[in-house]
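Trainee: Here are the chains, one letter per residue:
Number of protein chains: 4
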Amino acid sequence: MNIAFIGLGNMGSAMARNLVKAGHTLTVYNRSRARADEFKALGARVASTPGEAADGVEVAITMLADDHALESVVFGKGNLLDSLPPNAIHVSMSTISVALSRRLTAAHAERKQHYVSAPVFGRPEAAVAAKLFIVAAGPAAQIEHCRPLFDAMGQKTFVAGDDASGANLMKLAGNFLITAVIEGLAESFALVRKAGLDANLFHEILTNSLFNAPIYKTYGALINSQKFEPAGFKLPLGLKDNRLLLAAAEENAVAMPMASLIRDRFLAALGQGMGELDWSAISKLSAKDAGL
Amino acid sequence: MNIAFIGLGNMGSAMARNLVKAGHTLTVYNRSRARADEFKALGARVASTPGEAADGVEVAITMLADDHALESVVFGKGNLLDSLPPNAIHVSMSTISVALSRRLTAAHAERKQHYVSAPVFGRPEAAVAAKLFIVAAGPAAQIEHCRPLFDAMGQKTFVAGDDASGANLMKLAGNFLITAVIEGLAESFALVRKAGLDANLFHEILTNSLFNAPIYKTYGALINSQKFEPAGFKLPLGLKDNRLLLAAAEENAVAMPMASLIRDRFLAALGQGMGELDWSAISKLSAKDAGL
Amino acid sequence: MNIAFIGLGNMGSAMARNLVKAGHTLTVYNRSRARADEFKALGARVASTPGEAADGVEVAITMLADDHALESVVFGKGNLLDSLPPNAIHVSMSTISVALSRRLTAAHAERKQHYVSAPVFGRPEAAVAAKLFIVAAGPAAQIEHCRPLFDAMGQKTFVAGDDASGANLMKLAGNFLITAVIEGLAESFALVRKAGLDANLFHEILTNSLFNAPIYKTYGALINSQKFEPAGFKLPLGLKDNRLLLAAAEENAVAMPMASLIRDRFLAALGQGMGELDWSAISKLSAKDAGL
Amino acid sequence: MNIAFIGLGNMGSAMARNLVKAGHTLTVYNRSRARADEFKALGARVASTPGEAADGVEVAITMLADDHALESVVFGKGNLLDSLPPNAIHVSMSTISVALSRRLTAAHAERKQHYVSAPVFGRPEAAVAAKLFIVAAGPAAQIEHCRPLFDAMGQKTFVAGDDASGANLMKLAGNFLITAVIEGLAESFALVRKAGLDANLFHEILTNSLFNAPIYKTYGALINSQKFEPAGFKLPLGLKDNRLLLAAAEENAVAMPMASLIRDRFLAALGQGMGELDWSAISKLSAKDAGL
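Sequence lines, in order, name chains A, B, C and D. For the first sequence, my numbering assigns the number 1 to the initial residue and increments by one for each residue that follows. For the second sequence, my numbering assigns the number 1 to the initial residue and increments by one for each residue that follows. For the third sequence, my numbering assigns the number 1 to the initial residue and increments by one for each residue that follows. For the fourth sequence, my numbering assigns the number 1 to the initial residue and increments by one for each residue that follows.
It should be emphasised that the hints constitute simulated quantities derived from the structure, not laboratory data. Some clues are possibly wrong.
As the list makes no split between identical chains, a pair holds if one copy fits it or if it spans any two.
Straight-line Cα separation of at most 25 Å, BS3-like style, residue types lysine-lysine; simulated pairs [stated by the list, open to error]:
hint, residue 1, residue 2
1, LYS112, LYS77
2, LYS131, LYS21
3, LYS217, LYS234
4, LYS227, LYS240
5, LYS131, LYS240
6, LYS227, LYS288
7, LYS156, LYS217
8, LYS288, LYS234
9, LYS227, LYS217
10, LYS156, LYS131
11, LYS288, LYS240
12, LYS227, LYS131
Based on the sequences and whatever the hints tell you, model everything.
Mentor: In structure tokens:
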């Protein structure tokens with residue numbers, strides 16, 4: 001397929017590479033050009049604006065850091081919206097707000113373009129290994145059309161209905177559940193360690209019994225090893241996702257006290273200067289509070 | 001082996017049956033005799049006191065509701081402590097406090113008896129199916145001696161060191177992590193539902209991606225089906241375990257805000273009359289607060 | 001003085017009346033005209049737009065519900081900004097965000113106008129009685145110039161420095177402290193009542209000893225009488241102020257767990273349909289959770 | 001009156017001195033004798049046991065650190081219970097658990113003695129100045145009988161009904177409200193300071209407007225001055241009172257999330273080594289989390 005890929009950060013560049021490997025024709029765009037130029041060697045075309053990238057493609061994929069970056073790509077100078085052909089599909093894979101997803105649905109509909117939200121679960125390693133989990137929502141036919149692309153980037157794609165913004169809400173809720181795991185492990189490891197017991201053994205027991213899910217393995221190991229740099233997913237991005245979740249919760253008048261607790265952990269971690277660390281570094285707060 | 005089994009509730013009776021099936025000779029004791037008499041048909045002897053049950057055995061297993069029940073069995077009238085033979089092993093499989101575990105270690109040592117803590121993870125269904133996870137701590141030789149018994153009751157046994165009370169702390173910390181899963185699912189399902197999305201689909205996505213652990217399957221299904229009766233594990237028992245965890249946390253000067261949040265959920269659920277429901281019924285609070 | 005007064009809700013109309021009583025010449029503007037027309041009988045002129053009201057005045061006072069309403073008055077169609085004379089003062093007495101306050105400072109400076117933030121503490125009764133507490137920040141000379149106006153509306157004016165947005169932050173922090181009082185009283189009254197004791201007596205003890213401040217008297221009485229309608233200050237406005245506080249806290253990377261707890265109380269109250277009640281109705285949640 | 005005074009810590013010694021000043025005859029007892037011997041110069045008799053002190057008196061006042069200390073005085077070796085004359089009154093002024101208060105009511109009734117709970121609000125300075133607030137509950141006649149004693153020690157006495165333990169619950173609830181003030185001030189001062197504003201000015205505004213109560217003056221000044229030593233009321237005692245409150249809340253199935261938040265603050269402060277500081281030092285946590 002003829003594809004525009006916009007946003008070549010840790011996640012995006014790995015995903016784009018997998019699309020190239022699968023035989024697709026890519027035009028890439030990245031705000032800092034150097035990252036994009038690396039794709040020339042792979043046979044990709046490099047565009048100077050999002051609009052130039054989206055010109056004439058079947059599918060334009062965006063993978064950006066936040067709402068602001070995506071808004072700038074879609075609505076800003078040299079934008080995607082004005083040059084994406086009618087009937088082409090914008091697949092937004094970033095973790096963005098429910099509100100922006102709704103706005104994109106409307107904006108693309110006005111121009112007879114299609115909009116699919118397809119946020120992903122998985123850290124950079126999973127993106128490299130094409131092991132992402134993809135949650136896609138939007139018009140069914142277009143999701144099916146994109147399935148080969150999803151298959152090239154992920155290990156499984158879930159279809160979450162025809163309301164595109166629903167996929168974004170589920171992604172945010174899923175990220176919240178990851179933070180709940182991090183905080184739960186952080187508190188219990190702090191207790192286990194302070195009581196003089198072996199937190200690695202405790203982690204092993206958990207992940208070989210009721211908690212034998214990747215998420216407990218990954219984050220338990222990170223917390224016990226205290227290795228938060230280089231960050232797989234930076235703390236301020238975790239705070240951003242939490243903020244978008246709480247915004248959706250507020251819009252729906254849903255109280256989420258556990259999500260609020262996580263918010264305060266992120267803020268305390270930032271306040272204490274952990275902005276460059278992996279989001280699992282909020283676990284350091286439990287350890288510090290315990291005097292460890 | 002010649003075994004005393006004391007405490008034939010939902011969990012205990014299933015575990016005792018599996019020991020009989022494995023060919024061991026059981027003397028059982030239960031506070032309400034009817035439950036014990038059911039074991040006659042299986043060839044077990046029924047004792048009138050814990051002490052009578054423990055008399056002459058190699059191993060005495062206790063599986064009781066709380067500290068109070070176990071104290072009464074071990075130290076009360078007609079007690080186990082005074083009649084368990086020297087060199088015999090008391091295997092305490094109940095979820096009890098760290099403090100009581102220490103007290104039992106000392107009391108048995110004084111009488112040249114052995115004490116092993118071996119609390120279990122798993123709901124009654126798992127006990128029936130001999131699929132429990134067992135966390136054993138105490139003297140290594142005695143744990144090994146009991147391994148055939150553990151194998152008859154569980155799918156896996158972890159050895160958590162020679163400090164018996166360490167197993168109890170880990171069990172409490174593990175139960176805390178289960179409640180964190182319940183609360184996390186409860187909050188996110190409330191949001192997903194209030195936003196008009198399909199919580200079953202969301203649950204399916206979670207358990208087929210990063211959260212594919214038994215705990216998310218079991219509790220997500222319970223919460224979505226709103227089927228909290230009959231209770232697999234009653235809410236007041238959940239509160240009890242939380243209380244023991246917080247007591248251990250206080251003893252170690254460890255702040256556990258997520259565990260505190262769970263405590264308040266249990267209390268609110270009790271205050272609202274949910275004392276007969278499964279502990280996962282704390283999820284009803286998130287739904288009610290959202291107006292669902 | 002020749003004054004424009006914009007925003008004649010419960011608070012604003014009482015404040016404007018006190019300015020008239022003090023002998024000032026008012027031009028009033030209100031979105032729904034009826035409220036403004038009541039001021040004709042008092043000798044005030046009624047304007048059709050904020051801009052018309054601000055034309056030629058020395059001071060323009062705004063007292064509006066939220067950021068959005070104030071933005072529309074200052075920057076929207078028929079706006080204040082374009083017609084307020086150079087050297088005139090915009091005194092913003094609404095509870096607004098720190099960010100909007102900064103934006104107003106800049107916008108007025110560009111037009112050689114002055115901007116003073118002067119949010120108030122006090123419920124509608126206090127506004128009627130000219131008993132408000134006013135926290136003014138901005139250029140010292142202009143605050144002094146407005147002092148006769150403040151004196152006509154309040155019982156005391158505090159000068160909070162020359163950064164106008166500082167007054168807004170302090171106002172938000174003060175409102176947070178009020179919500180902390182409400183929640184503290186709510187929880188303790190629920191306990192006292194559930195224990196079979198007299199919450200009125202408890203309230204009397206508090207307010208005649210360490211807690212003899214107006215805030216404890218007012219809110220303790222409201223909570224004990226369960227009279228949340230008509231609302232002195234509606235719950236959604238309380239949530240709004242909490243949101244602005246948390247936004248300022250996030251901007252400064254300050255964790256405020258007690259403010260987060262209050263946020264979830266407001267959301268749960270809204271989710272349960274209390275949107276028309278006084279913000280102190282969050283106390284109903286403690287009572288309900290206790291089964292009262 | 002002929003009085004036994006047991007417990008001569010910071011609070012108790014000041015109270016006992018005021019009783020001497022008012023002309024009463026005291027026999028004092030203190031665990032560490034040196035403190036008691038200081039009272040010889042004032043004309044008091046010094047007893048070697050609580051029982052010796054209580055022998056033959058009309059009223060025995062106890063002012064001890066916690067449940068444990070009071071239990072030891074009342075039920076231990078050389079105890080008060082066995083030697084207090086029939087019809088004499090035990091006035092317990094310590095902050096103790098609701099449960100112990102009930103036990104004391106029963107124990108004294110059995111011996112035809114009277115029991116009055118009369119916990120106090122006020123820091124050591126207030127005790128010295130006879131400015132305590134006293135909350136007395138128990139039999140009305142005996143409270144009246146003791147009124148001259150209360151008047152000698154405090155500025156006001158509230159009668160909280162005839163269930164002695166009710167006074168203890170109210171005292172615990174009152175202390176909880178103090179901690180809510182501390183935490184509220186701590187969070188808002190951290191925000192104000194981090195935003196570059198003057199926290200002393202903010203404090204002045206609060207205490208000269210809606211929050212003009214002693215409690216805001218005292219604790220706001222402590223927090224802003226960061227002077228937590230010497231401790232007027234040590235942090236572990238604050239944690240103890242919080243524990244007793246939460247125990248009463250649990251007994252009554254009342255969720256108190258704000259009290260839980262305070263609990264975690266105390267534990268984090270202890271974990272970080274602040275055990276010797278005043279309980280208002282939990283405010284350091286908000287400041288630290290903010291990076292101040």
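Trainee: Within, between, both or neither: how does the pair LYS227, LYS240 come out at a Cα-Cα threshold of 25 Å?
Mentor: So LYS227 and LYS240 pass the 25 Å test inside one copy only (22 Å; across, 35 Å).
Trainee: Using 25 Å as the alpha-carbon threshold, which applies to LYS217 and LYS234: within, between, both, or neither?
Mentor: within (19 Å within a copy, 29 Å between copies)
Trainee: Give the relationship of LYS288 and LYS240 under a CA distance limit of 25 Å: within one copy only, between copies only, both, or neither.
Mentor: Classified as both: same-chain Cα gap 24 Å, cross-chain 22 Å, threshold 25 Å.
Trainee: With identical chains treated as interchangeable, where does the CA-CA distance between LYS288 and LYS234 reach 25 Å or less: within a copy, between copies, both, or neither?
Mentor: Answer is both; intra-copy 20 Å and inter-copy 22 Å each pass.
Trainee: At most 25 Å between C-alpha atoms: does LYS227 with LYS288 qualify within a copy, between copies, both, or neither?
Mentor: both (15 Å within a copy, 23 Å between copies)
Trainee: Have a look at LYS227 and LYS217 and pick one of within, between, both or neither, based on CA distance no larger than 25 Å.
Mentor: within (14 Å within a copy, 30 Å between copies)
Trainee: Which holds for LYS156 with LYS217 at a C-alpha limit of 25 Å: within a copy, between copies, both or neither?
Mentor: both (20 Å within a copy, 18 Å between copies)
Trainee: Checking LYS112 and LYS77: alpha-carbon separation at most 25 Å within a copy, between copies, both or neither?
Mentor: within (21 Å within a copy, 32 Å between copies)
Trainee: From the Cα coordinates, with 25 Å as the cut-off, is the pair LYS131 and LYS21 best called within, between, both, or neither?
Mentor: within (14 Å within a copy, 44 Å between copies)
Trainee: With identical chains treated as interchangeable, where does the CA-CA distance between LYS131 and LYS240 reach 25 Å or less: within a copy, between copies, both, or neither?
Mentor: within (24 Å within a copy, 41 Å between copies)
Trainee: Between the shortest in-copy and the shortest cross-copy C-alpha distance, which are at most 25 Å for LYS227 and LYS131: within, between, both, or neither?
Mentor: Within one copy only: 23 Å inside a chain, 35 Å across chains, cut-off 25 Å.
Trainee: With 25 Å as the alpha-carbon cut-off, assign the pair LYS156 and LYS131 to within, between, both or neither.
Mentor: within (8 Å within a copy, 30 Å between copies)
The structure agrees with every numbered hint stated previously.
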